[in-house]
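**Q** Protein chains in written order, with this note's numbering: chain A, 1 to 157; chain B, 1001 to 1157.
Everything labelled a hint here was simulated from the structure, so no lab data went into it. It cannot be assumed that every hint is accurate.
As the list claims (entries may be wrong) - Capping the alpha-carbon separation at 20 Å, the derived lysine to aspartate or glutamate pairs in EDC-like fashion look like this:
hint : chain 1 : residue 1 : chain 2 : residue 2
1    : A       : K5        : A       : D135
2    : B       : K1003     : A       : D135
3    : B       : K1057     : A       : D91
4    : B       : K1139     : A       : D147
5    : A       : K15       : B       : D1091
6    : A       : K139      : B       : D1135
7    : B       : K1041     : A       : D135
8    : B       : K1139     : B       : E1053
9    : A       : K57       : B       : D1091
10   : B       : K1089     : A       : D147
11   : A       : K3        : B       : D1135
12   : B       : K1014     : B       : D1135
13   : B       : K1015     : A       : D147
14   : A       : K89       : B       : E1053
15   : B       : K1156     : B       : D1091
16   : A       : K5        : B       : D1147
17   : B       : K1074     : B       : E1053
18   : A       : K35       : A       : D147
These numbers come from a predicted model, not from an experiment.
Here's the letter readout for the chains.
2 protein chains.
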Amino acid sequence: MAKLKNLIFYLRIKKLTISAVESVSGGYLSYLLTKTPGSSKVFKGGLIVYSPESKNKLLHIPLPLLNKTLGVSKSISILLAKRTKQFFKTDLAVSLVGFASAPAQKGIKVGTIFMAVADRYGVASKKILLKGSRDYVRKQASRMAVDLLCRRLNSKH
Amino acid sequence: MAKLKNLIFYLRIKKLTISAVESVSGGYLSYLLTKTPGSSKVFKGGLIVYSPESKNKLLHIPLPLLNKTLGVSKSISILLAKRTKQFFKTDLAVSLVGFASAPAQKGIKVGTIFMAVADRYGVASKKILLKGSRDYVRKQASRMAVDLLCRRLNSKH
């Protein structure tokens, strides 16, 4: 909670705005980013793109690319972050995709998570493999996306 | 959790799809709706419209109407549900707006929540007043929006 408070405080001081896009976590990442009072000053909006159609319709991610990995890949996490940054016209955008509990598909292990942060300098991305219940994976992945955002702010802003 | 499982099971059996739009809860409502395995079969997407600009840009809610109540009113919750249903082309859409912790504004008490469910029969809406911490209000409002959705399904579908 202290980390989230510090994050929002830092963004407010620096006059930076953020947005989020997520599939696997289903809204939990945005819930964390809006947990502290005053977050509405910096968090402009979030997209939960739970289906390939929504990733395609809202953010124009090509359907062949989505079908290849069911939306779970480094390149898709990067595209989602970049396009969500443009979509909400924010200084930064953070993305989170992965498989939380479905059986391994397209050769991708359950617990595989890709996340990315886009800003004016480019993109930082990360792949992780989590083990645990569906709920644990969704929450832990969200916390790690917040960490990636904090590290990006620390190193570039 | 049993309620969420039953909800997703019911929607799958009835071949009904849902989407969500939220401000005050910041993603927690969508997180609940995607908590159970198999939810991706029925939950198509969610929008976190945390700023008036995002409500206006994504769902064309008129800015004068948003400014009058800072986005917290029965009519806005209904418009959001209806337009999110169209936006994601789902059978149902559920909306949630309110004030969780900010000082009372525009004469609206902290803890005031409006929610609505739109479907092919029309709209069900509800106003509640919650007392408690910011986090409690956000989570409890989300749980009550799930309840409204369940009651609507029970009475009309």
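**Q** Would you pick out the hints that fail for this structure and give their numbers low to high?
**A** When the structure is compared with the hints, numbers 1, 4, 5, 8, 10, 12, 13 and 16 turn out to be violated.
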